[in-house]
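Visitor: Sequence:
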Amino acid sequence: MKTIVITGASSGIGNATAKALAKGNRLILCGRRLDRLQTLQSELLEAETLLLTFDVSNKDEVFNTFNSLPNEWKNIDVLINNAGNAHGLARFQDADLEDLDAMIDINVKGLIYVTKACLPFISNSNNAHIINLSSIAGKQVYTNGTTYCASKWAVEALTKGMRLDFLPLGIKVTSIAPGAVETEFSLVRFKGDSERAEKVYEGYDPLQAENIAESIAFVINQPKHIQIADITILPKAQADGTTFWKG
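Counting in my numbering, the sequence shown runs from 1077 upward without gaps.
Quick caveat, the hints were computed from the structure, so don't treat them as lab data.
Possibly wrong hints are sitting among the right ones.
[Stated by the list, open to error] Straight-line Cα separation of at most 20 angstroms, EDC-like style, residue types lysine to aspartate or glutamate; simulated pairs: (1) Lys1300 to Asp1170; (2) Lys1135 to Asp1172; (3) Lys1095 to Asp1136; (4) Lys1300 to Glu1290; (5) Lys1150 to Glu1124; (6) Lys1267 to Glu1124; (7) Lys1150 to Asp1170; (8) Lys1099 to Asp1153; (9) Lys1236 to Asp1281; (10) Lys1322 to Glu1258; (11) Lys1185 to Glu1119; (12) Lys1312 to Asp1281; (13) Lys1078 to Glu1232; (14) Lys1099 to Asp1131; (15) Lys1095 to Glu1232; (16) Lys1078 to Glu1148.
[What the hints assert, rightly or not] Label-pair ranges, simulated between beta-carbon atoms: (17) Phe1139 to Lys1322: 24 to 34 angstroms; (18) Asp1316 to Pro1196: 21 to 31 angstroms; (19) Gly1279 to Asn1143: 27 to 37 angstroms; (20) Met1077 to Leu1173: 44 to 54 angstroms; (21) Pro1146 to Tyr1218: 40 to 50 angstroms; (22) Pro1196 to Asn1134: 17 to 27 angstroms; (23) Glu1119 to Phe1294: 31 to 41 angstroms; (24) Thr1318 to Asn1143: 35 to 45 angstroms; (25) Asp1281 to Asn1200: 13 to 23 angstroms; (26) Lys1322 to Asp1177: 19 to 29 angstroms; (27) Thr1318 to Glu1274: 33 to 43 angstroms; (28) Arg1109 to Asn1200: 30 to 40 angstroms; (29) Glu1148 to Gly1268: 32 to 42 angstroms; (30) Gly1279 to Asn1140: 42 to 52 angstroms.
All C-beta atoms in this analysis are idealised placements derived from N, C-alpha and C, irrespective of residue type, glycine included.
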C-alpha cells in the first residue's frame, strides 16, 4: 500500500488518476474546489482518502497545508504533480500579462512549492516516486502558446534536474507528457467558451483522462529497480504538438 499525493485531483487527469489508483492505496487528494474533491471522495469508497484544499501557486498555503498533515499521513510514497493550466491562446505580443503570470505561477512555481513541501515526508520511503505532468508543449514550441510552452519546458527541465539531484535519495522521477486530452483544458484556456473548446477535439479521437491515468498507474507499479524517465502519449491522429489528421 502506498500513500499517494495527487494535485489537481478535482477534475480531468487528476480525478481519473485518483480512481485508477484507489484500490490498495491511500490517497491525499489536493485541489481548490472542495465540493468536487468531496464528490470524488464519495466515489472512492475502497480507498482511505484525505482532502487538502489549497492553491498550488500560493506558497504559504502550500507549505502550511503540508506542514499541518496529520501524523498518520506524514509518510508519503508518491507525489503526482498534476495541477496545471493553460490561459489564453494568443501571440506573445497580444497575450494578457495576467494569463502569462498564471501559467508560470501554477505550472512552474506551483510544482516547485508542492515538491519542496512534500520532500520531508517522501524522502524516507523505500519506493519514493515523483511524477510530473508535462505536455507535448514541453517538447515543441508552437505559435500562440509561447509562455504555456515555456512553462512546460520548465517542467521538463525540473524533472530531469530532480532525477539527478534526488538520485542519492533513491527517489524515482518521471515525466508524463500528454498530447491532446479531452478534459477541461481547452475550456479553461478559452475562458469558458465551450463552443471554441469543443472544436479543438472535432474530427478525431483525442486522448481521455483515463488513458493518462493508466500510464501513471503503470509507471508507479514498476519494480523498485526500474525508473521510467519519460513517457510521451499522443492520440493516433496527432503526430506532434500541432499536426493532426482529421477526417
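Visitor: Each hint should be assessed against the structure and marked as holding or not.
Guide: Hints versus structure:
Simply put, Lys1300 and Asp1170 have alpha-carbon atoms about 48 angstroms apart, too far for the 20 angstroms limit, and the pair is violated. Distance restraint check for Lys1135 and Asp1172: the Cα-Cα separation of roughly 23 angstroms exceeds the 20 angstroms cut-off, and the hinted pair is therefore not satisfied. At roughly 29 angstroms between alpha-carbon atoms, Lys1095 and Asp1136 are farther apart than 20 angstroms, so this suggested pair is violated. Straight-line distance between C-alpha atoms of Lys1300 and Glu1290 comes to about 19 angstroms, which keeps the hinted pair within the 20 angstroms bound.
With a C-alpha separation of about 14 angstroms, the suggested pair Lys1150 and Glu1124 falls inside the 20 angstroms cut-off, and the hint holds. Restraint check for Lys1267 and Glu1124: the C-alpha separation of about 35 angstroms exceeds 20 angstroms, so the hint is violated. About 45 angstroms separates the Cα atoms of Lys1150 and Asp1170, which puts this hinted pair outside 20 angstroms; it is violated. Of the supplied pair hints, the one linking Lys1099 and Asp1153 holds, its CA atoms being roughly 15 angstroms apart against a limit of 20 angstroms.
Distance restraint check for Lys1236 and Asp1281: the Cα-Cα separation of roughly 31 angstroms exceeds the 20 angstroms cut-off, and the hinted pair is therefore not satisfied. A hinted pair counts as satisfied when its Cα atoms are at most 20 angstroms apart, and Lys1322 with Glu1258 qualifies at roughly 15 angstroms. Of the supplied pair hints, the one linking Lys1185 and Glu1119 is violated, its CA atoms being roughly 31 angstroms apart against a limit of 20 angstroms. Taking the CA atoms of Lys1312 and Asp1281, the gap is near 8 angstroms; set against the 20 angstroms cutoff, the hint holds.
A hinted pair counts as satisfied when its Cα atoms are at most 20 angstroms apart, and Lys1078 with Glu1232 does not qualify at roughly 25 angstroms. Note on Lys1099 and Asp1131: the hinted pairing is violated, with a Cα-Cα distance of about 27 angstroms set against a maximum of 20 angstroms. Between Lys1095 and Glu1232 the alpha-carbon distance is near 26 angstroms, which puts this suggested pair outside the 20 angstroms criterion. Pair hint Lys1078 plus Glu1148 holds up; C-alpha atoms about 13 angstroms apart against a cutoff of 20 angstroms.
The given range of 24 to 34 angstroms is broken by Phe1139 and Lys1322, whose C-beta atoms sit roughly 45 angstroms from each other. Asp1316 and Pro1196 have their C-beta atoms about 39 angstroms apart, which leaves the hinted 21 to 31 angstroms range violated. Checked against the hint of 27 to 37 angstroms, the pair Gly1279 and Asn1143 fails, with Cβ atoms roughly 48 angstroms apart. Checked against the given bound of 44 to 54 angstroms, the beta carbons of Met1077 and Leu1173, roughly 45 angstroms apart, stay inside it.
Checked against the hint of 40 to 50 angstroms, the pair Pro1146 and Tyr1218 passes, with Cβ atoms roughly 44 angstroms apart. Remark: the range hint 17 to 27 angstroms for Pro1196 to Asn1134 is upheld by a beta-carbon distance near 19 angstroms. Checking the proposed 31 to 41 angstroms range against Glu1119 and Phe1294 shows it is violated: the Cβ atoms sit about 22 angstroms from each other. Checked against the hint of 35 to 45 angstroms, the C-beta distance between Thr1318 and Asn1143 comes to roughly 42 angstroms, which is consistent with it.
Between Asp1281 and Asn1200 the Cβ separation comes to about 43 angstroms, which falls outside the hinted range of 13 to 23 angstroms. One distance hint, 19 to 29 angstroms for the beta-carbon pair Lys1322 and Asp1177, is violated here, with the actual separation near 33 angstroms. For the pair Thr1318 and Glu1274, the beta carbons lie near 19 angstroms from each other, so the given range of 33 to 43 angstroms is not met. Against the hinted window of 30 to 40 angstroms, the Cβ-Cβ separation of Arg1109 and Asn1200 comes to about 31 angstroms, which satisfies the hint.
In this structure the supplied range 32 to 42 angstroms holds for Glu1148 paired with Gly1268, their Cβ-Cβ distance being about 40 angstroms. Under the hint 42 to 52 angstroms, the C-beta atoms of Gly1279 and Asn1140, about 46 angstroms apart, fit the expected range.
Hint violations for this structure: numbers 1, 2, 3, 6, 7, 9, 11, 13, 14, 15, 17, 18, 19, 23, 25, 26 and 27, all remaining hints satisfied.
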